[in-house]
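With the hints as constraints, model all of the structure from the sequences given.
Residue numbers (numbering that gives the first Met the number 0): 0 to 555.
Since the hints were derived computationally from the structure, they do not count as laboratory data. For glycine and all other residues, C-beta sits at the position ideal for the given N, C-alpha and C. The hints are all genuine.
The calculated label-pair distances, taken between Cβ atoms and stated as ranges, are:
#1 R311 <-> G109: 25 to 35 Å
#2 S544 <-> E65: 21 to 31 Å
#3 P76 <-> A138: 45 to 55 Å
#4 A389 <-> Y189: 44 to 54 Å
#5 Y504 <-> K66: 50 to 60 Å
#6 P330 <-> P123: 44 to 54 Å
In silico DMTMM-like pairs for lysine to aspartate or glutamate, Cα to Cα no more than 20 Å straight-line:
#7 K391 <-> E449
#8 K75 <-> D206
#9 K233 <-> E223
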Amino acid sequence: MPPRGLGACAAAASLALLFVPARAQASTAPVAGFHFETKNVFDPAVPGEDGWLFRLANRIHIPTKEKVLRREILLKPGEPYDPLKALETERNLRATGFIRKAEVREGPQGGLHVLTQDAWTLKPQLGAGTEGGDHYFIAGVQEDNLFGYGKLLSFNHARIGSDWRQETRYADPRLLGSWFRFVGLYSRTYWGSDFGVMTERPFYSLDTDYAGRLGWVRTVSGVELYQDGEQQSKFIENYRTAQSGVGWAFRRSGRLTQRASAGTFYEKARFDPTDETAPGTLPSDRELSGPVAGYSHVFEDYVKETDIDGMRRVEDYNLGNEFDVQAGPMPEALGGDRDRWILSALSRQGLRLGAGGFALASAGLNGRLAGGSPENWIFYANLNLFRKAATKIPQTFVAHFEFNTTGRLDRERQLLLGGNTGLRGYKNNSFSGRRSLLLNLEDRLFFGREWFHLIYLGGALFIDSGMIAGDDLHKSRLKTDLGFGLRVSPSRSAKGGVLRIDLAYALNDGPGGSRWVFSMRGGQAFSIFNSTSRKVLQSPDSVLSEESAGERLRKK
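Shown next as structure tokens:
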């Protein structure tokens, strides 16, 4: 039950703290100044990148302003050089979404050398594809580095089946030059309109003293419930949420930072029937309001890897322990429809597995208490193993394991297994239940060569196996598929994401006529964390945090 889950997470986190080593010592030499070496999207010094098409692209692209790069530097002139802060700066630059490569190192005479290369950030979006029997279409344009100032502006139209959305989104990662981030979104959808605004000051460094957040989101969306791969019911959800909070770091020791937080939470969900609403499936309206408090810690042990979730791009993974717990009362006296408590806990841990290998694991609990009984709760656990092989064709072997168990879920939430949650040989939303297991084994191949200085190509061989049930996860419920696929990645993008083209064959019976399933869409077939539990854990206000229009529609 939830209290025992919280205790287990806390115990695991406390055990992890016993293995915290000391922070690396900073250099005593002060930083004398900065030297920036910036490269455009294409580098004329590289053979083959000086053609007329690449020169034209460089002219169209507005390079990132030096002051935008300068404000991301965590080291200041006169301060001792700190290699950990230099690495943090690299990670922050890579996380901007408009920097393809970043390197920060100590230069001659105490200077700080900052090397960056811009990504191509003007993204005309026109695409169509299929996954697990569902078809999608996306059209629009997005600029991730508006006029070289690091701001995002996008206009998109996206459609999956009969569900569609047209939206405008703006994001400023440094509002008025501060550390505050602003995101605003407005969209028209098949069901109504979505609107959201959020401003926050994140913990942008382990040495950041405080953070804050203020946000409000309103959405109107259609919610579908599935059984055996077919829509069982459909209704409308009108959702409102307002959140505020502050956080502060109260203790630092070596690479470990501990933080506390306090804030407020408000949520209101109203449900209306449609002609497709099955009797007994319409959720009850819900309203929560009250204070929340939390504790978190982060132990920094980052590794830089390539060819893990993306292609030929540096990816940052923290192998140190990250723990977060939040809880708060939602009493009727403060506007709730009844007295409740909300709580969530999450712990993540990584482990090095020798040269070329590492593991990432997580466990978490989300839910509510009402009248002393748990409701809408889920316990989830994930384990990922990565092993790179330095063969003639570079390969990364990936094993992903996921377990979920739920209880008394809100009626609009479902635990689902199918083509859109990692079981590629079956229709989307093929199977539903209270408990699930998912195992993905994938051999990702990277063909190395950059084709036309624009794309990387790769392939994949995979086996997916999973089961879902009401209570008993018996082996007779196991569903398995195997297949192969092609991977395409734009080499000038910031994150090295992939276009996935897969053909899978189901070894067991499932909904749908054919056992062959063809899929083509962006992103990996399964997430590192929480593929199957996505529809349980995700709330409608995720439209504000998810940057991809296609993903926003897909996850809803």
